[in-house]
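There are 2 protein chains.
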Amino acid sequence: MTTSKPLIVPVPLGARAYDILVGRNILGEGVEQIKKLGVRKVALVTDENVHSLHAERIIKTLADNGVDVAAPVVVPAGESSKSYAVLAKTCDDILATRVERGDLVIALGGGVVGDLAGFAAAIVRRGMRFVQMPTSLLAQVDSSVGGKTGINSSHGKNLVGAFHQPSLVIADTAILDTLPERELRAGYAEVIKYGLINSERFFFWCEENWQQIFAGGPERDEAVAHSCRAKAEVVVRDEFENGDRALLNLGHTFGHALERIVKYDNARLVHGEAVAIGLAQAFRFSARLGLCAGQDAGRVEAHLKSVGLPTRLQDVPGGAGSVDAILDAMTQDKKVKAGTLTFILAKGIGKSFIAHDLNKADVAAFLMDEWNS
Amino acid sequence: MTTSKPLIVPVPLGARAYDILVGRNILGEGVEQIKKLGVRKVALVTDENVHSLHAERIIKTLADNGVDVAAPVVVPAGESSKSYAVLAKTCDDILATRVERGDLVIALGGGVVGDLAGFAAAIVRRGMRFVQMPTSLLAQVDSSVGGKTGINSSHGKNLVGAFHQPSLVIADTAILDTLPERELRAGYAEVIKYGLINSERFFFWCEENWQQIFAGGPERDEAVAHSCRAKAEVVVRDEFENGDRALLNLGHTFGHALERIVKYDNARLVHGEAVAIGLAQAFRFSARLGLCAGQDAGRVEAHLKSVGLPTRLQDVPGGAGSVDAILDAMTQDKKVKAGTLTFILAKGIGKSFIAHDLNKADVAAFLMDEWNS
Ligand SMILES: NC(=O)c1ccc[n+]([C@@H]2O[C@H](COP(=O)([O-])OP(=O)(O)OC[C@H]3O[C@@H](n4cnc5c(N)ncnc54)[C@H](O)[C@@H]3O)[C@@H](O)[C@H]2O)c1
Ligand SMILES: NC(=O)c1ccc[n+]([C@@H]2O[C@H](COP(=O)([O-])OP(=O)(O)OC[C@H]3O[C@@H](n4cnc5c(N)ncnc54)[C@H](O)[C@@H]3O)[C@@H](O)[C@H]2O)c1
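From first to last, the protein sequence lines are chains Z and H. Residue numbering for the first sequence follows this note's numbering, starting at 2 and increasing by one per position. Residue numbering for the second sequence follows this note's numbering, starting at 2 and increasing by one per position.
Just so you know, the hints here were simulated from the structure itself, not pulled from any lab data. The model shown is predicted, which means the values in this text are computed figures rather than measured ones. Take these hints with a grain of salt, some might be off.
Because identical chains share one entry, a pair is satisfied inside a single copy or across any pair of copies.
As the list claims (entries may be wrong) - Keeping only pairs whose Cα atoms sit at most 16 Å apart, straight-line, the calculated EDC-like set for lysine to aspartate or glutamate is:
1) K61 x E33
2) K42 x E208
3) K61 x D316
4) K37 x D178
5) K264 x E57
6) K36 x D20
7) K361 x E240
8) K306 x D239
9) K306 x E209
10) K158 x E101
11) K36 x E80
12) K158 x D93
13) K6 x E30
14) K306 x D325
15) K306 x E223
16) K61 x D358
17) K264 x E30
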């Protein structure tokens with residue numbers, strides 16, 4: 002097994018503190034850290050794709066190092082696994098491995114597996130420890146960090162879940178080599194989001210280095226580690242999302258509305274693509290409100306385009322619905338507090354802020370312009 | 002509305018501290034306290050029986066006092082509602098009321114509704130506040146206090162759930178007037194359990210006052226309040242059940258085994274009846290091991306009998322299975338840590354303790370004697 006030293010990003014959450022290990026082929030080091038958790042037995046949850054590509058090798062490495070892993074729990078790939086039915090089956094399958102309360106659940110997969118298995122870990126025996134082994138770029142830079150877990154309801158995405166921090170995150174960037182190009186691009190939208198939120202410098206660096214990030218050079222490790230650091234900082238300030246953590250929703254209010262409009266049909270739009278459009282829109286809207294320079298909005302859009310990400314309503318295959326439909330989908334978002342519209346807007350690249358009480362008419366006018374542009 | 006001043010039992014859990022209100026017809030005071038929580042909207046969950054007996058009046062009282070209550074979420078009565086399917090429906094029904102994250106769920110019912118609705122509140126929108134309005138004696142003295150919520154899996158009872166403390170518990174003892182006699186008796190087993198754990202005095206008091214407790218005199222309020230205080234004390238010492246809280250399982254290791262053996266068929270055995278047998282057994286077993294006086298075991302059994310509760314394996318309608326079956330059911334219990342048997346035993350009435358590493362052969366021999374006695 003080739004193995005190397007990981008970058009370590011600490012998440013200092015007091016009694017719930019943990020480390021994120023980032024690097025190429027760091028499984029060996031990851032297993033050492035898992036052993037330090039004092040684990041008796043491990044239940045590993047993964048999806049069909051990741052199972053056939055990576056599970057065998059990882060389970061063997063764990064077993065070779067004396068960690069007792071039960072037969073893996075394998076769920077169908079894709080968002081539809083974030084359902085009550087798959088959650089119930091996952092909990093039962095974890096229980097069937099006869100893990101006890103001090104034991105461990107490992108979530109090996111993209112954001113879907115992380116959210117689902119993390120939630121199952123939160124509720125099986127009223128809470129088991131779990132380790133995230135994110136295998137998609139999106140999961141490595143976003144969903145595996147911060148402790149939000151959950152599933153979808155017919156009433157909306159992520160409406161049922163738990164705050165449950167992992168005990169460790171192992172982000173092996175080599176595992177992204179098998180990720181489909183489209184998923185890599187989608188995850189990349191979340192990477193540059195961190196630059197857009199509060200680091201102009203990181204955004205500029207991404208503009209220069211994105212090819213190496215995609216190709217799997219050391220820049221990939223740096224980008225993942227920076228993203229995790231950025232997310233961890235926000236999470237430590239506001240673990241339960243009562244304030245600041247909302248900044249991470251930059252691009253997501255527009256984005257979620259579009260996902261809802263295409264009925265979460267991944268063939269049309271995956272999450273990161275919706276976020277890419279949302280990021281471009283958040284900057285164009287900010288420019289329109291006179292908050293940020295039009296140049297900045299243009300620069301954001303140009304970079305998203307150059308990596309092959311969508312940036313406009315017109316880019317949604319099959320159409321993004323009417324302005325009314327988008328507005329309606331937006332106000333159903335759970336981030337809408339007591340009826341008022343909250344957006345994450347920007348005063349420039351790296352200068353995002355939470356804008357409360359936005360005027361619905363302004364949003365409508367903006368969308369109308371977007372639609373006709 | 003007749004209304005009176007409640008007894009108040011505080012549960013000082015720091016940021017999760019709350020009060021338990023106990024008394025006859027205290028709904029008025031309860032509503033005042035709910036209003037103090039600063040609630041915008043309430044989703045009320047109840048079961049069919051309690052719904053037809055009490056829900057209308059309670060919803061009206063809330064509404065008359067300016068609390069906005071959505072149409073109640075009604076689940077079937079009985080243990081079978083602690084399932085994945087009813088949980089999913091309950092979450093969706095709560096979401097359909099359009100409550101938001103700062104809003105409130107009220108659990109109006111026995112332990113089943115409390116465990117189910119409390120769990121739903123723990124996971125809808127990753128955690129909503131909730132108020133327990135326990136309507137069975139068991140729920141008032143046990144399940145509504147302490148924050149354990151959950152459902153059953155095919156692998157066992159309460160294996161999926163969350164620690165989620167309520168914001169308030171309203172135990173209106175008048176509501177017990179409609180409770181079937183058998184359920185009242187079953188709940189009473191948990192009441193005297195508190196005496197058996199650490200208060201000889203309370204047990205003696207129960208022996209003298211049980212008729213008034215059943216009849217609904219002020220002794221009922223006292224018994225409920227004492228029980229809540231006793232439970233709260235343990236919970237405050239050990240919220241997440243890493244140690245001391247296990248004392249509350251006095252009578253439950255034997256009891257759970259019997260429930261499992263009758264396949265949770267309430268026609269044969271309800272939880273409190275199983276606990277009653279378990280309490281008598283724990284004392285007889287303690288006496289057999291020379292830990293407590295035979296007299297004490299006799300006294301416990303006599304009191305259980307005098308209120309009409311079962312005390313022996315032979316009392317289980319349809320039989321309690323073989324000694325092997327009981328032992329097997331016992332070692333499946335989730336309280337069995339890494340294979341060793343842990344029991345709550347007693348050095349006398351009010352002198353219970355956690356006994357680790359019990360010899361399985363001793364338990365087997367005891368059960369054999371019980372069986373042949
Ligand atoms: N919890 C959070 O804080 C948070 C944050 C953002 C997003 N999310 C959630 O994350 C989910 C999206 O995550 P995602 O984009 O990773 O989706 P995903 O888990 O469905 O993965 C995308 C696809 O890539 C495949 N895949 C994953 N890793 C692979 C690999 N190494 N090689 C080959 N194929 C691989 C998967 O099987 C799947 O088909 C959404 O449900 C979203 O709600 C959660
Ligand atoms: N969370 C905890 O800490 C904890 C502790 C002990 C028990 N429990 C759980 O509690 C459950 C048992 O609770 P339970 O005994 O209250 O069962 P329950 O909720 O099923 O109630 C028993 C029966 O009484 C009916 N009922 C309730 N209140 C009534 C009233 N005022 N008038 C008329 N009928 C009424 C119910 O509809 C039901 O048919 C079990 O699932 C057990 O696991 C939980």
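So, going through the hints one by one against the coordinates:
no., hint, in the structure
1, K61 x E33, "within (14 Å within a copy, 60 Å between copies)"
2, K42 x E208, "neither (44 Å within a copy, 47 Å between copies)"
3, K61 x D316, "neither (44 Å within a copy, 52 Å between copies)"
4, K37 x D178, "neither (28 Å within a copy, 55 Å between copies)"
5, K264 x E57, "neither (34 Å within a copy, 38 Å between copies)"
6, K36 x D20, "within (14 Å within a copy, 42 Å between copies)"
7, K361 x E240, "neither (29 Å within a copy, 45 Å between copies)"
8, K306 x D239, "neither (32 Å within a copy, 55 Å between copies)"
9, K306 x E209, "within (14 Å within a copy, 82 Å between copies)"
10, K158 x E101, "between (30 Å within a copy, 14 Å between copies)"
11, K36 x E80, "neither (31 Å within a copy, 39 Å between copies)"
12, K158 x D93, "between (23 Å within a copy, 12 Å between copies)"
13, K6 x E30, "within (7 Å within a copy, 62 Å between copies)"
14, K306 x D325, "neither (26 Å within a copy, 69 Å between copies)"
15, K306 x E223, "neither (22 Å within a copy, 71 Å between copies)"
16, K61 x D358, "neither (53 Å within a copy, 34 Å between copies)"
17, K264 x E30, "neither (40 Å within a copy, 46 Å between copies)"
Violated hints for the displayed structure, listed by number in ascending order: 2, 3, 4, 5, 7, 8, 11, 14, 15, 16, 17.
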